[in-house]
Each structure stands twice: as structure tokens, then as C-alpha cells.
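Protein chains in written order, with this note's numbering: chain A, 208 to 473; chain B, 208 to 473.
If you're looking for bench data, these hints aren't it; they were derived computationally from the structure.
Incorrect hints may appear among the rest.
Unchecked claim - Every beta carbon over 10 Å from chain A, so not counted as near; a handful from chain B, in silico:
1. Y214
2. H227
3. D232
4. R293
5. D401
6. E424
Unchecked claim - Straight-line alpha carbon distances no greater than 27 Å define the calculated DSSO-like cross-link-like pairs of lysine-lysine that follow:
7. K354(A) x K406(A)
8. K428(B) x K354(A)
9. K406(B) x K404(A)
10. K406(A) x K428(B)
Even glycine gets a Cβ: it sits at the ideal position worked out from N, Cα and C.
There are 2 protein chains.
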Amino acid sequence: MGRTLTYPKRTSNTVNRYNHRATYDLGAIHSIVNASQVLHVSFNPGPEDPFPTILPMIGQMGSFDYPSATIEEPLECYLHGYVSSRIMNLARKSEGDGLPICVATSKVDGLVLSLTPNSHSYNYRSAVLHGYATLVTDEQEKLWAMKLVTNSVLEDRWDHSRVPPDKAEMSSTVILKVKIVDGSGKIRDGSVSDERKDKDNREVTGRVWTGVVPVWETFGKPIPSAENEVQEVPEYINSFIASKNTQNQALAEGAVKVQLPPEEQS
Amino acid sequence: MGRTLTYPKRTSNTVNRYNHRATYDLGAIHSIVNASQVLHVSFNPGPEDPFPTILPMIGQMGSFDYPSATIEEPLECYLHGYVSSRIMNLARKSEGDGLPICVATSKVDGLVLSLTPNSHSYNYRSAVLHGYATLVTDEQEKLWAMKLVTNSVLEDRWDHSRVPPDKAEMSSTVILKVKIVDGSGKIRDGSVSDERKDKDNREVTGRVWTGVVPVWETFGKPIPSAENEVQEVPEYINSFIASKNTQNQALAEGAVKVQLPPEEQS
Numbered sequence: 208m209g210r211t212l213t214y215p216k217r218t219s220n221t222v223n224r225y226n227h228r229a230t231y232d233l234g235a236i237h238s239i240v241n242a243s244q245v246l247h248v249s250f251n252p253g254p255e256d257p258f259p260t261i262l263p264m265i266g267q268m269g270s271f272d273y274p275s276a277t278i279e280e281p282l283e284c285y286l287h288g289y290v291s292s293r294i295m296n297l298a299r300k301s302e303g304d305g306l307p308i309c310v311a312t313s314k315v316d317g318l319v320l321s322l323t324p325n326s327h328s329y330n331y332r333s334a335v336l337h338g339y340a341t342l343v344t345d346e347q348e349k350l351w352a353m354k355l356v357t358n359s360v361l362e363d364r365w366d367h368s369r370v371p372p373d374k375a376e377m378s379s380t381v382i383l384k385v386k387i388v389d390g391s392g393k394i395r396d397g398s399v400s401d402e403r404k405d406k407d408n409r410e411v412t413g414r415v416w417t418g419v420v421p422v423w424e425t426f427g428k429p430i431p432s433a434e435n436e437v438q439e440v441p442e443y444i445n446s447f448i449a450s451k452n453t454q455n456q457a458l459a460e461g462a463v464k465v466q467l468p469p470e471e472q473s
Numbered sequence: 208m209g210r211t212l213t214y215p216k217r218t219s220n221t222v223n224r225y226n227h228r229a230t231y232d233l234g235a236i237h238s239i240v241n242a243s244q245v246l247h248v249s250f251n252p253g254p255e256d257p258f259p260t261i262l263p264m265i266g267q268m269g270s271f272d273y274p275s276a277t278i279e280e281p282l283e284c285y286l287h288g289y290v291s292s293r294i295m296n297l298a299r300k301s302e303g304d305g306l307p308i309c310v311a312t313s314k315v316d317g318l319v320l321s322l323t324p325n326s327h328s329y330n331y332r333s334a335v336l337h338g339y340a341t342l343v344t345d346e347q348e349k350l351w352a353m354k355l356v357t358n359s360v361l362e363d364r365w366d367h368s369r370v371p372p373d374k375a376e377m378s379s380t381v382i383l384k385v386k387i388v389d390g391s392g393k394i395r396d397g398s399v400s401d402e403r404k405d406k407d408n409r410e411v412t413g414r415v416w417t418g419v420v421p422v423w424e425t426f427g428k429p430i431p432s433a434e435n436e437v438q439e440v441p442e443y444i445n446s447f448i449a450s451k452n453t454q455n456q457a458l459a460e461g462a463v464k465v466q467l468p469p470e471e472q473s
């Protein structure tokens, strides 16, 4: 495409701390969201409640109107939920653009162990989106989003299960569509970064081990249910597990090797 | 103690969906929080911004006033952050009880693959807390919380690094203390649970594999930094990694074996 789309910097999404790690690129932010098993979705329950609340949900970025859109292009966030849950009721009753929500996710890729606790860190990838949520009412769009979300849990699972959903299933499931207003991501990689005062202290460097412990999500051996009647674990499941495990480990270990910028302090 | 303390059920924390999986027990909720590498913290930036926002933070439950308190007793949530971050500025300026926030965390323990997408699920543990956040001003409490948080990342790391923090480090770090108003947890375990209509359909059961793919966090081989001068990886790091990996795998695989209650539907 030859262009890099970025989200506008507003007060609500501008990263102030360690801002050389921040990204506003649609592609980077959308990729972090789509790699997440769970998204944390924040909303305000109502004027009588002082606390915002958070619901863990499953979701994916995508475009129903422009199905050929790449990860770097403007996309909506589709969130899967139950018909009578509070967030769905609030979105249903919301006026104007929809229910203002925040979608966030973080993945730890490594423990960064420096000479002093102050310089300790994680290698991680995090993303935050702000937007207006409304309920998907078009049946075709809803079905498309349900397939998108199911396949994000396990590639190709939709077509390998009993589909399409029947009428009761369609009406008990609700899909929230979030029109994104802004977003930001933050990525920390590389190894440790200590301050001069500690690096020059032989008593400290002689006794404190520094480095990174990589961390990744492992998918284990599938455990069949008591009622399962398919003898062998299907190939699409085995290959999903094998490729995820290889990718996840490579990402966590590879993140350590990234060169830190000279101004990096922790 | 012979008693089980529970958080009060208020509108903001009462679980409506699959409420047999809900817990209000302090012990269960605090344990989920303390097992989390990252907490998602939600707050409202101000009246001019319609969106609540979420910040990923590191934190732990604990009691400075009653250091002998167990995980099942009333505890505060201590969150670690940078002195001039927005949430810290808001908490510093907040009046009354403090800044109303929500702390949430979720961990996926397995992909639950049922006959139909509608019955798909995760095995997971999630927790949500609501409370008022204020800045810790007492130096002793702050130091105690910094140690608590550092050791939550890697057991015993505090004493094996260069401590205590110097004056500059103490003033650049801020600890938020959240006085908890309510909380809830949700735990899904067991294997798949399909509906009768699908279980009786031989065409479906004959082709759709059902079961659970366990998922857990793996800690890899430590990668020393370029400047590390300690030849061998210390024992407290190796034993932390080994015991975490064993525990995490056992938890994810063990969750599958839990017997589901008869009313369980997905």
C-alpha cells in the first residue's frame, strides 16, 4: 500500500511514559489485539455507580464492509457476548454513537531482570483502543463476526464444528461492534538496561545475575472429552498447536535479541 | 480461621451469566490477582473524556497494617507505577475516598472445543475488584509494597538485587493503594458440555472432535544480558522457573478433570 495509517493522538491515548516504545500504527495495534485470547473491556455502568468496570471478552478486529481490508487498514473491533449481559443491555440502550468503551490487552514476553528493582521490567506487547460500541443487528454481519471470533480461538474450528448456529443460538449470542476513535500500543523488547551508577559498581555486578527469562503461552496435548467419538485428534488441531508453540517461543526468545536504543533507561 | 469471608454482592460486581461459576470469596479472588503478571486497571480520565481507559499495571494484594493477614482476609491492592503517569496524577488530585478504579485480570487455562461454536468456551480464572485508589505516602509502606511487587514477578528477586532503592528511585516510583469496595471472581473448569440436540446427532458426533486443549504460561531458559558477570544462573531463578512450569501445566491439565455440575450447559 505504501502508506502507514496511524491513529490520531488524543489526550486519552497518548503515551507519555517511555514514549519511544509507543506505536500508533494501525497494523501493530490490530495485530496485538488479534493475537489476544482475551480482551479486557471497560465501560461505565451508569451514573449511580462511581466505578468503571471491566469484563473479559473474546474479540477480533475485522471489516465486514470491506472484507479484503488488511490488518493495517481501518477495522472495527467485534466482541462476542451473551444477550442479557450488562454491557449488551447498556449498548442496546445507548444513544448517539453508542456506548463509550475501552478495549485493552497485554501479553508478557519476558521477565527483564536488571541490577536494581527500579530497572526491572517486562518484555511485553500491549494495546488500548477507545471507541463506541453498538449491537450488530444485520444477521449476515453477525454470522460473519461469530465465525471470525470462533476461528480466532482455533484456526478453522468453525467449519469443523456443527454450523450454522440455529435460531436459538443466534438469538442468545450478541456481537458488539466497536467503532474505533483512537488507539495506541506499547512494545518493550530487548535485554536489560541498567544505569551507569550500578553498572560501575563491582560489588553489585559481581553478585546480581542480569538477563531475561522469556515467557510464552504453551498449548498442551489435547484431552478428548468423555463423549468424543472421533478417534484421532484432527490434523488442523495438531498443526495449530505445533505452529502456535513454535511461534510463541520464537517471539519471546527473539524479543530479547532486539537492540535497545541508546537512550533506553529501563 | 473457620470462616469464609466474602465480598458483598452489589450491582457492580454481581455475576449474572453462568453464576454457578462465580465466587465472592476473598481467598479465591485474591489468589487469582496475585497469580497475575499483569493487572488491567480502569479509570475515568475526566469529565471531558467520554471513555474510561485501561492501563496495564503490576500489582499484588497485601496488608501493610496486618502483615500476618492470610490471602483469605481483607487486603489492599498495591499497584506499581511511575510518578507522573496520568493515573497517579488523578489519584493525587482525587478528593474524598480516592480515585474510583477497577482492577481486572483473566487467565486462560484451556480451549474448550465442543460440538457447536455456541458451546465453545475457555477454561479460565478471572477476577474483578472495585475500589478507591490513593497514593502511598508512608516511606516504610512504600518500600514494603515495592518489595512485595518485585517478588511477585520472581520470588526472592528483591534480596538478590541491588537494594534498597536510592532517593531518586524512591521518588520516581509511586505506589497506588486500592481500598477494595467489592470484588468477584469467575472460574470455568471441566471438559466440554454439549446440548442434547447435538449429542444425539450421529452425523455431528461422528465428525466433530471434542475436548480441551490445555494452555499454560511457560518460562524459558534464562538469557543472560551482555553485561551480566554472574557465570551461572542462580538457583533461586532456576527453581522458580522449574516450579512455575510444573505448577502451570498441572493446573491447566488438572482443570480439565474437574467434574461439571449437571446443570452446566457450556
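Status of the hints after comparison with the structure:
1. Once the 10 Å rule is applied to beta carbons, Y214(B) is consistent with being away from chain A; the minimum gap is 13 Å.
2. Here H227(B) stays apart from chain A, with its beta-carbon at least about 15 Å from theirs, past the 10 Å limit.
3. Annotated as non-interface, D232(B) keeps its C-beta farther than 10 Å from every C-beta of chain A; the closest such distance is 19 Å.
4. At the 10 Å boundary, the C-beta of R293(B) falls inside the reach of chain A, the nearest C-beta of that chain being 7 Å off.
5. The beta carbon of D401(B) is not kept farther than 10 Å from every beta carbon of chain A, the shortest such distance being approximately 7 Å.
6. The claim that E424(B) lies off the interface is violated: its Cβ sits roughly 6 Å from the closest Cβ of chain A, which falls inside the 10 Å cut-off.
7. For the given pair, K354(A) sits about 53 Å from K406(A) by alpha-carbon distance, which is inconsistent with the 27 Å threshold.
8. Taking the CA atoms of K428(B) and K354(A), the gap is about 37 Å. The hint is violated against a cut of 27 Å.
9. For the hint pairing K406(B) with K404(A), the CA-to-CA distance comes to about 67 Å; that exceeds 27 Å, so the pair is violated.
10. About 24 Å separates the Cα atoms of K406(A) and K428(B), which keeps this hinted pair within 27 Å; it holds.
Consistency note: the structure conflicts with the earlier hints numbered 4, 5, 6, 7, 8, 9.
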